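Asker: Yeah, the sequence shown ends on 269 if you go by my numbering, and it's all consecutive.
Watch out, some of these pointers could steer you wrong.
[Unchecked claim] Each pair of labels, with its calculated beta carbon distance range:
#1 Met-165 / Ser-209: 14 to 24 angstroms
#2 Ser-226 / Glu-171: 41 to 51 angstroms
#3 Glu-171 / Ala-231: 35 to 45 angstroms
#4 Gln-184 / Ala-231: 33 to 43 angstroms
#5 Gln-184 / Asp-220: 30 to 40 angstroms
#6 Ile-212 / Arg-250: 28 to 38 angstroms
#7 Leu-216 / Lys-168: 22 to 32 angstroms
#8 Glu-171 / Asp-220: 15 to 25 angstroms
#9 Ala-231 / Met-162: 16 to 26 angstroms
#10 Glu-178 / Lys-206: 17 to 27 angstroms
#11 Glu-178 / Arg-205: 13 to 23 angstroms
#12 Asp-227 / Thr-187: 44 to 54 angstroms
Just so you know, the hints here were simulated from the structure itself, not pulled from any lab data. No experiment lies behind these values; they were computed from the predicted model shown. Virtual Cβ for every residue (Gly too), placed ideally from N, Cα, C.
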Amino acid sequence: MFDMFSMMGKLKEVQSKMKEAQDNLQFITVTAESGAGLVKAKVNGQRKLISLEIDDSLLNKDDKEMISDLVVAAVNKAMDEAGEKAKDEMKRQTEGLLPNIPGLDLNNLGF
159 MFDMFSMMGK LKEVQSKMKE AQDNLQFITV TAESGAGLVK AKVNGQRKLI SLEIDDSLLN
219 KDDKEMISDL VVAAVNKAMD EAGEKAKDEM KRQTEGLLPN IPGLDLNNLG F
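Build the full structure now, drawing on both the sequences and the hints.
Answerer: This is the structure we're talking about:
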């Protein structure tokens, strides 16, 4: 027999766990580099850039375009890695909360 109150309780539990997991994403950090370590970008699980390091050897106005390319590459790499870690963390935090429903994919909820 389908118990609506039990299902509502389960949904509230899932909602609470999802919020807790999302809040914890700020503590997941990833550092990625480009240009053999000349540019390093640090991003958190919420896909926010936390820090950017540029090696002093690159700080020449003639290298402006190259620096820009390296920054973009490092940030994009860090964002991708942070997204994967965030997805893994959300999966870990919510594992077992919902029954395995074919076709239900929570991976695209913006983590």
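Asker: Now look at each hint and say whether the structure bears it out.
Answerer: Cross-check of the supplied hints:
1. Met-165 / Ser-209: 14 to 24 angstroms: violated (44 angstroms)
2. Ser-226 / Glu-171: 41 to 51 angstroms: Given range 41 to 51 angstroms: holds, Cβ gap about 46 angstroms.
3. Glu-171 / Ala-231: 35 to 45 angstroms: holds (41 angstroms)
4. Gln-184 / Ala-231: 33 to 43 angstroms: violated (24 angstroms)
5. Gln-184 / Asp-220: 30 to 40 angstroms: holds (38 angstroms)
6. Ile-212 / Arg-250: 28 to 38 angstroms: With Cβ atoms ~34 angstroms apart, the hint holds.
7. Leu-216 / Lys-168: 22 to 32 angstroms: violated (53 angstroms)
8. Glu-171 / Asp-220: 15 to 25 angstroms: violated (58 angstroms)
9. Ala-231 / Met-162: 16 to 26 angstroms: violated (51 angstroms)
10. Glu-178 / Lys-206: 17 to 27 angstroms: Since Glu-178 and Lys-206 have Cβ atoms about 19 angstroms apart, the given range 17 to 27 angstroms holds.
11. Glu-178 / Arg-205: 13 to 23 angstroms: holds (18 angstroms)
12. Asp-227 / Thr-187: 44 to 54 angstroms: violated (24 angstroms)
Consistency with the previously given hints fails for numbers 1, 4, 7, 8, 9 and 12, ordered from lowest to highest.
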